[in-house]
Amino acid sequence: MKEKIRIGCGAGFSGDRLDPSLVLVERGGLDYLVLECLAERTIALAQKRKRQDPLQGYDPLLERRIESLLVPLLQNKVRLITNMGAANPLAAAQKIIEIARRKNVKVKVAAVTGDDVLDKIDPQDKALETGRPLVDSGPLLSANAYLGAPGIIEAIQQEADIIITGRVADPSLFIAPMIVGFGWSMDHYDLLGKGTVLGHLMECAGQITGGYFADPGKKDVPGMAVLGHPFVDVWPDGQGIIGKVDDTGGIINLQTAKEQLLYEVVNPYEYFTPDVIADFTSVQLTDLGGNRVQVAGGSGKQKPDTYKVSVGYQAFHLGEGEITYAGSNAVARARLAGEIVRERLKDEFPELRIDLIGQNSVHDDRLHQANTPYEVRLRVAGKSPSFQQASRVGEEVEALYTNGPGGGGGVRKYVQEVVGIVSTLIPRNKVTHHITLLTA
Amino acid sequence: MKLYDIAHSRAGDKGNTLTLSLIAYRLKDYPLLCEKVTIEKVKEHFKDIVKGDIVRYEPPNIASLLFVCHDALGGGVTTSSRMDAHGKTLSYALLQMEI
Numbered sequence: 482m483k484e485k486i487r488i489g490c491g492a493g494f495s496g497d498r499l500d501p502s503l504v505l506v507e508r509g510g511l512d513y514l515v516l517e518c519l520a521e522r523t524i525a526l527a528q529k530r531k532r533q534d535p536l537q538g539y540d541p542l543l544e545r546r547i548e549s550l551l552v553p554l555l556q557n558k559v560r561l562i563t564n565m566g567a568a569n570p571l572a573a574a575q576k577i578i579e580i581a582r583r584k585n586v587k588v589k590v591a592a593v594t595g596d597d598v599l600d601k602i603d604p605q606d607k608a609l610e611t612g613r614p615l616v617d618s619g620p621l622l623s624a625n626a627y628l629g630a631p632g633i634i635e636a637i638q639q640e641a642d643i644i645i646t647g648r649v650a651d652p653s654l655f656i657a658p659m660i661v662g663f664g665w666s667m668d669h670y671d672l673l674g675k676g677t678v679l680g681h682l683m684e685c686a687g688q689i690t691g692g693y694f695a696d697p698g699k700k701d702v703p704g705m706a707v708l709g710h711p712f713v714d715v716w717p718d719g720q721g722i723i724g725k726v727d728d729t730g731g732i733i734n735l736q737t738a739k740e741q742l743l744y745e746v747v748n749p750y751e752y753f754t755p756d757v758i759a760d761f762t763s764v765q766l767t768d769l770g771g772n773r774v775q776v777a778g779g780s781g782k783q784k785p786d787t788y789k790v791s792v793g794y795q796a797f798h799l800g801e802g803e804i805t806y807a808g809s810n811a812v813a814r815a816r817l818a819g820e821i822v823r824e825r826l827k828d829e830f831p832e833l834r835i836d837l838i839g840q841n842s843v844h845d846d847r848l849h850q851a852n853t854p855y856e857v858r859l860r861v862a863g864k865s866p867s868f869q870q871a872s873r874v875g876e877e878v879e880a881l882y883t884n885g886p887g888g889g890g891g892v893r894k895y896v897q898e899v900v901g902i903v904s905t906l907i908p909r910n911k912v913t914h915h916i917t918l919l920t921a
Numbered sequence: 002m003k004l005y006d007i008a009h010s011r012a013g014d015k016g017n018t019l020t021l022s023l024i025a026y027r028l029k030d031y032p033l034l035c036e037k038v039t040i041e042k043v044k045e046h047f048k049d050i051v052k053g054d055i056v057r058y059e060p061p062n063i064a065s066l067l068f069v070c071h072d073a074l075g076g077g078v079t080t081s082s083r084m085d086a087h088g089k090t091l092s093y094a095l096l097q098m099e100i
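Line by line, the protein sequences are chains A and B. Add 481 to the 1-based position in the first sequence for my numbering, that's all there is to it. Add 1 to the 1-based position in the second sequence for my numbering, that's all there is to it.
For the record, the hints were derived by calculation from the structure and aren't laboratory data. Note that CB positions come from ideal geometry on N, CA and C, so glycine has one too. A couple of the hints might just be wrong.
[As the list claims (entries may be wrong)] Computed cross-link-like contacts, DSSO-like style, restricted to lysine-lysine with a CA-CA straight-line distance of at most 27 angstroms: (1) K784/A x K911/A; (2) K29/B x K699/A; (3) K700/A x K3/B; (4) K42/B x K699/A; (5) K37/B x K700/A; (6) K15/B x K789/A; (7) K29/B x K44/B; (8) K42/B x K52/B; (9) K3/B x K29/B; (10) K15/B x K529/A; (11) K89/B x K3/B; (12) K601/A x K911/A; (13) K700/A x K89/B; (14) K52/B x K789/A; (15) K15/B x K782/A; (16) K911/A x K15/B; (17) K15/B x K700/A; (18) K52/B x K607/A; (19) K48/B x K89/B; (20) K911/A x K531/A; (21) K52/B x K15/B; (22) K699/A x K89/B; (23) K52/B x K827/A; (24) K558/A x K587/A; (25) K699/A x K3/B; (26) K699/A x K37/B.
[What the hints assert, rightly or not] Beyond 12 angstroms from chain B on every Cβ pair, some chain A residues (computed): (27) K531; (28) K587; (29) D728; (30) G771; (31) N910.
[As the list claims (entries may be wrong)] Listed next, with one range per pair, are the computed distances between beta-carbon atoms: (32) E876/A x K89/B: 29 to 35 angstroms; (33) R613/A x L33/B: 41 to 47 angstroms; (34) Q869/A x L33/B: 52 to 58 angstroms; (35) K42/B x V892/A: 40 to 46 angstroms; (36) P854/A x E99/B: 21 to 27 angstroms; (37) K89/B x R613/A: 27 to 33 angstroms; (38) E99/B x L599/A: 46 to 52 angstroms.
Chain A on its own, in the form it takes in the complex (with noise of 0.2 angstroms):
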């Protein structure tokens, strides 16, 4: 049994920077490296991409993130485990072999497969946020179930370097190195549970290092330009440290990890995971000093004996237009643009969305301690079956140029395809997981 684990999350969305995953496995000291870069909806996006194009479907900045990291992860011993699968972890694994044969390494790649249940599900299956059939939501595009630590540590045991996985709970991405490490029963739901914390403390990478926390004058934060993504060091018994690397920038402290502890969570006594449903109000937080804070208690109980579905459908086309105003009364003309836009188009689209950027766009008016401010930007925004009726919200803003209020300026139109989510439950027995072992 080892007396100590270091695992460093150096991504905590697909989109996130690239270099601190580079400076934690140089400077970190890692025994793993995670990349958690799937979202809810990332998942269903993933699955139309593969669905065009039967070798696409992983995260779209894989390569990137492994031509940078391959060779140091390597030399350095630090073996990642990491979601960039996405839709498709059998194309990223291959994609992961041809750039270790470019650059001449030897590596070994782990692909977990079994999360996609779109097969398994049946249409009639009710979803969790409606209590109404998943396909009264539109047309189903993707099922994927939220697989637990299992796969990843069969892996790990196989020896692979590499472990790329579709839909898996994020914070069994953490306990399974823990599980193998230290020799964890996968019904010891008290570790599991304090192991889950550490987890959750962890996935979101810089957003417990003062990424998505500064404030200024408030909550000040140094460096952030070049923000350090965290570590944690694991005991036997499940309390952890975390810490960042020496001259990053970035703050840790009691702050950020309570705000991290609490983010997305629904309910603090029972935070369900395919592995334990683990309980985060016994957690205790000690700031160490440095940018270290200790993590001790944190419990568990039984895992649920379903896993959960995220359900991806065809939902609509979202339109969208906006145009400004500066000046004396912009704001008067920006809502008269709003009123003329919403006249021809409510027949249309009764539920047209008209916002002043600036003034009530992102909470609403009364939240608003009203200013009149020197300009405005009119978004209105729709949604519709079809692309080209979608495309209408655009046209009409744009014909404000001619027809509008005026002195408005800078029309942008947009039309995106909408992949909505919706969640069912599968049964245990239904799903089970595959290890793809490929070498380089």
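Got chain A; can you put chain B on it based on the hints?
Only chain B this time, still in chain A's reference frame:
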């Protein structure tokens, strides 16, 4: 005073559900948050934004409150037509509350 003077917050999203943490800078202000920032107050504050129920958790181990607001994101990040479909900016809207 405003909540902004004594607490900080981070917003998160799960589907159409908004989560808002509220964390006291100083331990001694935590009872005040528990007393003043009631579910009713948060409902009133966000009455044009949060359409569903609000649940409040009080994890005392980290001197924080957590508000879980249902039907709050115009359908959620995938199908909302709002500019901020995640509702990420709403933490600072909570901190605008006068207590």
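Legend entry - Pairwise hint evaluation, K782/A against K15/B, where the allowed Cα distance is 27 angstroms at most: Measuring from Cα to Cα gives roughly 22 angstroms; hence the hint holds.
Legend entry - Proposed proximity, K89/B with K700/A (alpha carbon, max 27 angstroms): holds, 18 angstroms
Inset, instruction - Starting from K911/A, check that the Cα of K15/B is at most 27 angstroms away, please. - result: holds, 25 angstroms
Legend entry - Pair hint K699/A and K3/B, alpha-carbon separation not exceeding 27 angstroms: holds, 14 angstroms
Legend entry - Hint consistency between K911/A and K531/A [alpha-carbon to alpha-carbon, up to 27 angstroms]: Within the cut-off at roughly 24 angstroms; holds.
Legend entry - Satisfaction of hint between K699/A and K42/B, Cα-Cα up to 27 angstroms: This hinted pair holds, its Cα atoms lying about 25 angstroms apart.
Legend entry - Non-interface claim for N910/A versus chain B (Cβ beyond 12 angstroms): Consistent with the label, N910/A stays out of reach of chain B, its closest Cβ about 26 angstroms off (over 12 angstroms).
Inset, instruction - For the pair we were handed, K37/B and K700/A, check the Cα-Cα distance against 27 angstroms. - result: holds, 23 angstroms
Legend entry - Claimed clearance of chain B by K587/A, with the beta carbon kept past 12 angstroms: Correct as stated: the minimum Cβ-Cβ distance to chain B is 41 angstroms, above 12 angstroms.
Inset, instruction - Go ahead and decide if the range 41 to 47 angstroms is satisfied by the Cβ distance of R613/A to L33/B. - result: holds, 43 angstroms
Inset, instruction - Classify the label on K531/A as holds or violated, using whether its beta-carbon is more than 12 angstroms from each beta-carbon of chain B. - result: holds, 18 angstroms
Inset, instruction - Would you check the hint for K700/A and K3/B, treating anything up to 27 angstroms between C-alpha atoms as holding? - result: holds, 16 angstroms
Hint compliance for this structure: every hint is met.
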